[in-house]
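Trainee: From first to last, the protein sequence lines are chains A and B. If you number the first sequence the way full-length UniProt numbering does, the last residue is 406 and the count never jumps. If you number the second sequence the way full-length UniProt numbering does, the last residue is 147 and the count never jumps.
Incorrect hints may have been included.
What the hints assert, rightly or not - DSS-like, lysine-lysine: derived pairs with alpha carbons at most 30 angstroms apart:
hint, chain 1, residue 1, chain 2, residue 2
1, B, Lys43, A, Lys62
2, A, Lys215, A, Lys161
3, A, Lys161, A, Lys47
4, B, Lys69, A, Lys177
Keep in mind the hints are simulated off the structure, nothing from the lab.
Chain by chain, the residues:
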Amino acid sequence: MSMSKSSYSQYNRKNWEDSDFPILCETCLGNNPYMRMMKDKHGRECKICERPFTTFRWQPGKGARYKNTELCQTCAKVKNVCQTCMFDLEYGLPVQVRDHELQIADNIPKQGANRDFFLQNVERTLGQGDGTQPIAQIANNMDQAAHDRLRRMARSQPYYKRNAPHICSFFVKGECKRGEECPYRHEKPTDPDDPLSRQNIRDRYYGSNDPVAEKILNRAAAAPTLSPPADTTITTLYIGNLGPSGAQQVTEKDLNDFFYQYGDIRCLRVLTEKGCAFIEFTTREAAERAAERSFNKTFIKGRRLTIRWGEPQAKRAADNSNYVTPVPSVPILPIPDGLAPSTSSQQRFTGSMPRPPAPPTFAAPTRLVVPNVRPVKAGEPSSSSSSIYYPSQDPTRLGAKGDVIE
Amino acid sequence: MSLATKLRRVRKPPPEGWDLIEPTLEQFEAKMREAETEPHEGKRKTEINWPIFRIHHQRSRYIYDMYYKKAEISRELYEFCLTAKFADAALIAKWKKQGYENLCCVKCVQTRDSNFGTACICRVPKSKLDAERVIECVHCGCHSCSG
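Can you make the complete structure from the sequences, with help from the hints?
Mentor: Okay, structure coming up:
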């Protein structure tokens with residue numbers, strides 16, 4: 001059977017692809033908003049399915065090499081990848097990394113009639129939709145944690161260094177005569193023993209033996225993680241590397257402005273001379289969220305903040321037992337559930353079990369979550385009235401929402 | 001092709017003043033011969049014709065200057081040189097237009113031959129290009145022939 005366009009498409013659904021615009025990632029498009037592209041109808045065969053497709057060629061910004069599309073659009077849509085660099089369109093990560101994180105075992109046929117039949121079915125599916133829905137296995141993966149992990153691995157900015165010209169092979173041999181005029185890079189070549197110098201299109205596309213993916217996965221595995229402590233009463237985070245005290249130091253306001261997005265902040269103490277801060281959230285969930293989302297990637301005033309979990313207060317309280325002085329004016333009342341002073345041995349109640357009344361003792365509690373007594377001011381007669389003091393009544397308290405009344 | 005052969009093809013005796021330009025044209029002819037016989041090994045495909053274009057430009061420029069700038073040759077001799085193809089009439093026609101005074105070759109202003117309907121990179125004035133970027137146009141190896 002001849003490979004001419006007309007007769008071929010009559011007997012088989014395997015059509016020659018014609019398109020108006022390529023499917024590309026941001027990096028491959030480059031930083032120039034005024035770009036010109038050359039279109040070559042049925043210009044080359046797809047590197048994966050070997051069918052002719054419409055290629056595009058363009059220069060992604062100043063000083064970049066000309067790039068062109070390598071895959072046909074059907075192949076690109078099957079894997080949701082860029083037609084040129086074959087990285088995932090959403091995250092800019094290799095297919096192998098994405099499939100590993102999302103647990104996609106995509107065993108699509110790689111050659112011969114099986115491949116052609118598979119692509120024929122894919123094209124039929126694509127023809128039914130409006131072209132915006134994802135297809136294949138990517139479509140039905142909704143694992144949010146995996147997507148979060150991928151987002152963390154992905155670059156936040158397009159990586160234009162990838163568009164740089166190739167290294168001049170003549171320069172490597174020491175015989176490039178073009179000198180200044182040479183459009184290729186005059187640089188030391190990469191080590192040939194480096195696995196990164198052995199990449200190929202098919203492995204990248206099918207997500208197997210991809211050295212780039214291996215590197216990214218290794219780096220992700222080696223990255224430090226912040227595991228929340230077992231003691232669930234801890235809601236305090238330590239924040240370090242605020243810088244030396246002075247105008248350049250990260251201020252309380254900076255921290256508050258950044259961390260309030262994760263939940264209500266109960267207390268924020270900045271130790272200016274030590275260059276660190278302790279931030280206490282009202283809920284454990286907020287603290288966990290803050291730790292997870294801000295760890296190792298929080299930049300304020302150009303500094304990467306160190307984030308760690310606060311130590312259990314019980315340990316510190318044991319060191320100095322007069323950490324909380326008992327106040328005799330407080331009437332003995334059953335303490336509200338959320339404000340109960342808890343020791344590390346005492347677990348928080350979750351059910352509606354009736355609590356035993358607090359023992360009428362003035363022994364120092366090992367840990368006090370919120371001082372539920374009004375701070376005694378000097379000169380003010382200590383009233384022995386039995387009105388309950390709620391922390392939210394105090395306008396000068398940190399984290400208060402209302403206006404401060406002097 | 002030697003100068004004598006070219007003269008024989010015109011089938012007319014050269015006009016008055018031929019003796020003035022003959023030695024220079026002989027030299028150009030020898031240079032062209034040398035460029036033609038030079039081996040192409042180690043050269044890029046586009047580079048091969050660059051010396052031919054350069055000598056062709058220089059020779060046309062010589063005839064052009066002798067007639068229009070210095071006025072040392074007669075109109076008959078100038079036209080004889082054009083018919084004998086010692087000078088490129090098309091190129092000289094461009095040189096008479098404003099902005100094209102130093103045009104390197106006719107190929108570089110042929111917009112139909114480019115992808116986006118533009119002239120060659122050597123037609124971009126130096127002031128509009130990057131200072132550090134060195135360019136050599138693919139057609140004739142021109143660095144810049146405008147502004």
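Trainee: Are the hints correct? Go through all of them and say.
Mentor: Evaluated hints:
Straight-line distance between C-alpha atoms of lysine 43/B and lysine 62/A comes to about 27 angstroms, which keeps the hinted pair within the 30 angstroms bound. Annotation: proposed proximity of lysine 215/A to lysine 161/A holds, straight-line Cα distance about 18 angstroms (limit 30 angstroms). Under the criterion of a C-alpha separation no larger than 30 angstroms, the hint pairing lysine 161/A with lysine 47/A is consistent with the structure, at around 24 angstroms. Taken as a hint, the lysine 69/B and lysine 177/A pair is broken in the structure, with Cα atoms around 38 angstroms apart against an allowance of 30 angstroms.
The structure does not agree with numbered hint 4 stated previously, though it agrees with all others.
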